[in-house]
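S.K.: If you read the sequences in order, they're chains H and P. Going by this note's numbering, the first sequence opens with residue 1, and the numbers climb by one from there. Going by this note's numbering, the second sequence opens with residue 1, and the numbers climb by one from there.
These aren't lab readings, by the way, just hints derived from the structure by calculation. Please read all numbers here as calculations on a predicted model, not as lab measurements. Using N, Cα and C, we set each Cβ at its ideal position, and we do this for glycine too. Please note that the accuracy of each hint is not assured.
[Said to hold, decoys possible] Only some residues are given here: those of chain H computed to face chain P with a beta carbon under 8 Å:
| hint | residue |
| --- | --- |
| 1 | Ala29 |
| 2 | Leu147 |
| 3 | Ala165 |
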Amino acid sequence: VAQFFNQILHRFFTSVGPDFWLGYCLAAAVHIGLLLNVVAVGALVFIWMERKIAGRIQDRLGPTRVGGKFGWLQTLADGIKLIAKEDITPKDADPLLFKLAPYVSFAASFTAYLALPFANGWVAQEVNVAVFFIVAVLGLEVFGVILAGYASGSKWSLFGGMREAAQVVSYEVPIGLCIVVPVMIVGSMNLVTIGEAQAGLFTNWLIFHDPFTFLVFFVYFTCAVASVNRAPFDLAEAESELVAGFHTEYSGLRWSFFFMAEYGSMFLVSGLAAILFFGGWNGPIPIFRVLGWAYEQGVTGWTVTGYIAQLAGLLNFLLKTVLFVTVMMWVRWTLPRLRIDQVMTTCLKYCVPLAAICFVGAMVWKLNGWWSIQDYAPQTFGRMFADVREEWVLREGSGFRVQGSDARGQESAGGSQEAALGTQYPVLSTQYSEIVVPSYVGISGATNHGPSLDCATPESSVDVSPQETTR
Amino acid sequence: MILLAAINWHSVFFLLFALLAVGFAVAVAATSNIVRMAFYLTLCLGATAGLFFLAGAEFVGSMQLLIYVGGTLVLLIFGVMLTAQARFISMKTSGGEWVLAAIVGVSLLALLLQADYSVASWNEPRTDFASLSLADSKTSTPIGLALTGVRVDQLEEPNEQLRRGMSGYLFPFVIISMHLLVVLIGAAYMARTKRVGRTLMESR
Chain H
1 VAQFFNQILH
11 RFFTSVGPDF
21 WLGYCLAAAV
31 HIGLLLNVVA
41 VGALVFIWME
51 RKIAGRIQDR
61 LGPTRVGGKF
71 GWLQTLADGI
81 KLIAKEDITP
91 KDADPLLFKL
101 APYVSFAASF
111 TAYLALPFAN
121 GWVAQEVNVA
131 VFFIVAVLGL
141 EVFGVILAGY
151 ASGSKWSLFG
161 GMREAAQVVS
171 YEVPIGLCIV
181 VPVMIVGSMN
191 LVTIGEAQAG
201 LFTNWLIFHD
211 PFTFLVFFVY
221 FTCAVASVNR
231 APFDLAEAES
241 ELVAGFHTEY
251 SGLRWSFFFM
261 AEYGSMFLVS
271 GLAAILFFGG
281 WNGPIPIFRV
291 LGWAYEQGVT
301 GWTVTGYIAQ
311 LAGLLNFLLK
321 TVLFVTVMMW
331 VRWTLPRLRI
341 DQVMTTCLKY
351 CVPLAAICFV
361 GAMVWKLNGW
371 WSIQDYAPQT
381 FGRMFADVRE
391 EWVLREGSGF
401 RVQGSDARGQ
411 ESAGGSQEAA
421 LGTQYPVLST
431 QYSEIVVPSY
441 VGISGATNHG
451 PSLDCATPES
461 SVDVSPQETT
471 R
Chain P
1 MILLAAINWH
11 SVFFLLFALL
21 AVGFAVAVAA
31 TSNIVRMAFY
41 LTLCLGATAG
51 LFFLAGAEFV
61 GSMQLLIYVG
71 GTLVLLIFGV
81 MLTAQARFIS
91 MKTSGGEWVL
101 AAIVGVSLLA
111 LLLQADYSVA
121 SWNEPRTDFA
131 SLSLADSKTS
141 TPIGLALTGV
151 RVDQLEEPNE
161 QLRRGMSGYL
171 FPFVIISMHL
181 LVVLIGAAYM
191 ARTKRVGRTL
201 MESR
């Protein structure tokens with residue numbers, strides 16, 4: 001099938017890829033279209049879900065009529081209503097910023113999707129530092145809120161905007177600390193690598209790696225709820241105090257852009273939680289890996305079974321993410337809103353120290369190679385971190401490959417990452433030893449076998465106990 | 001079709017981002033409203049981040065977004081806080097300030113231009129495009145390794161005497177982090193409630 005399509009594409013577009021502008025534009029358009037659908041249609045579904053969940057929690061039915069049995073077209077009806085509403089700009093407002101603010105919010109939320117993988121390798125742009133990129137871009141969403149608060153020319157909006165600013169700036173610290181823990185354990189900031197490192201049984205998920213990662217997930221989730229401005233941390237809109245907070249003066253479609261941004265961010269932080277702690281697209285039981293359908297890392301080429309496995313992975317990822325979004329809604333309709341000082345206390349007195357302790361704890365745990373549930377689970381389905389990381393190192397390091405060591409680097413399939421580094425960069429391993437040994441005097445280059453005062457010879461430095469670092 | 005394909009899209013996007021950056025930089029200088037100024041500055045710095053992404057430097061681009069654009073956020077907050085009472089306060093620039101700013105700006109421009117033209121290989125356009133390879137998503141690994149003590153880019157240095165000094169930036173990294181830690185603790189110390197004074201007052 002793929003060959004057939006390729007032939008058609010080849011006939012009409014001569015080649016598809018960055019070299020050819022039309023193919024490039026088409027590929028970009030498909031990616032953008034898919035992501036826009038995730039954000040926009042996702043928001044429609046989530047708003048409906050929120051109403052149903054809120055209804056059930058409050059012993060009501062929620063929407064029941066629009067679109068048939070479950071009222072599942074309620075959001076669409078609302079959308080039509082919003083389009084029909086008058087677009088008002090208050091007299092006191094700063095017109096330019098007032099009009100721009102919703103788009104700033106939405107653009108920040110949407111841009112972060114650029115680096116979010118939905119299945120193994122199914123990502124709009126595989127960014128080498130995807131986690132970092134997402135955190136950086138998500139932090140910009142607050143711009144729109146502050147601008148809206150300022151430009152509306154209303155005291156309620158200004159209060160809401162300032163609260164949001166204080167809250168988001170504070171919560172960026174613990175959320176960053178939490179995200180560093182999985183990054184440190186896997187040894188990569190690439191989300192595809194982090195997800196693929198957890199392939200296999202659910203015991204390989206990072207949340208079960210050690211007690212500290214288990215704890216840090218809950219810290220992350222708390223901070224994520226706060227950073228996307230959801231109840232009980234929704235002080236920026238606080239209906240009971242500030243009318244509607246930062247979007248008091250907004251109406252119509254402009255108002256709905258804030259909500260699309262909010263639901264987009266909710267999905268995004270939930271997806272990040274799924275990838276960082278819950279294996280992403282890798283299920284609790286690796287059915288497709290047992291069947292041998294899933295793509296193996298490094299194997300290129302298209303198969304129907306592999307595609308089905310990818311689709312199942314996508315479904316798996318979406319299920320986990322929607323589950324987290326549902327938990328966020330559950331929390332919203334269960335807990336009362338915190339006061340602003342309580343929000344700050346939660347962040348600075350509980351989340352930051354907890355995250356810091358978990359960071360140090362997870363680091364010590366990993367350095368000592370203490371037990372993990374992974375050790376007691378059958379290893380036949382999954383793959384060790386080291387294998388995934390090794391492939392990644394080989395791929396990433398290929399630009400700095402030392403001449404003549406290629407063949408050896410490819411053959412060391414089951415070895416540890418340290419050994420892979422050793423074969424890949426013969427000089428690198430000795431450089432490590434130079435740093436480890438406190439009193440390095442001579443130069444222990446790989447070619448230097450002459451008499452030297454160095455206590456760590458190249459031979460001894462390569463096998464820095466590979467068994468210990470395998471995990 | 002062929003004409004479109006012949007365009008060097010990399011240059012087009014470079015021009016786009018560069019024009020955005022320059023345009024918003026001019027807007028920062030030309031606006032008198034401080035919040036709008038901060039907003040334009042955000043867009044200007046964002047366009048610079050776009051230039052970094054275009055060059056394949058994803059780590060530096062993300063850094064630009066997190067540190068510079070995020071830092072402007074605080075500027076924006078202060079702008080709002082300081083001007084919220086007299087709304088939409090205008091900052092009129094006097095003639096003398098324009099002259100001073102022009103002198104500083106032109107001298108900086110002259111310095112940069114002089115430095116640019118002093119590099120011989122930058123003076124004429126490159127012709128060996130085929131032998132060039134764009135930095136492609138391999139940027140963060142060497143940076144991380146260099147910070148922890150290994151300069152991967154210098155490993156192939158043939159001169160062994162030179163290779164000795166290539167052990168990375170671990171020391172400056174540690175010094176900077178210690179410095180930041182001290183700053184953090186100092187800030188927390190200065191910001192905390194002064195209980196001592198109150199207890200003294202109460203004891204009287």
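S.K.: So which of the earlier hints does this model not fit?
M.R.: 1
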